[in-house]
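Colleague: Sequence:
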Amino acid sequence: MNSLKQILEEVLSEVKPRPEDEERVNELLDRVVDALKAETSSRGLTVEVEVYGSVAKGTWLRGDVDLDVFLRADKGVPRDRLIGEGLEAARRVFEKLGGRWVER
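If you're matching positions, the sequence shown starts at 22 in this note's numbering and goes up one per residue.
Read the hints as simulated data drawn from the structure, not as lab findings. Predicted model only: the values in this text are computed from it and were never measured. Idealized CB from N, CA, C, for every residue including glycine. Be careful, since some hints might not be right.
In silico lysine to aspartate or glutamate, EDC-like type, Cα no more than 20 Å apart, as pairs [claimed, not checked]:
hint, residue 1, residue 2
1, K117, D89
2, K58, E48
3, K37, D87
Beta-carbon label-pair distances, calculated as ranges [said to hold, decoys possible]:
hint, residue 1, residue 2, range
4, S34, V54, 28 to 36 Å
5, G65, I28, 52 to 60 Å
6, E69, D101, 18 to 26 Å
7, L118, N23, 40 to 48 Å
8, S34, K78, 18 to 26 Å
9, D101, E31, 50 to 58 Å
10, G97, I28, 18 to 26 Å
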């Protein structure tokens, strides 16, 4: 009979990202962040691109990864401009890179 420790190690080996998984996700994240910076800059919109969620914390599971990326603007940027230009820039980047878009 398997011990609890053996079972936990087996499950962990199945869900923990392998080094090649981490490399692939980090490369994609770099592409997304760089593309968002370029796209927002080309629109004259100054924002910080921030990453949150399981990828930022290093707690994502193999086979179940999503990128939680946010655009943060200074208070001086009008809200309607950030929403209009920022969301359009993000939508365009994710479409170019072949990702799925979810707006919250």
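Colleague: So which of the earlier hints does this model not fit?
Modeller: 10
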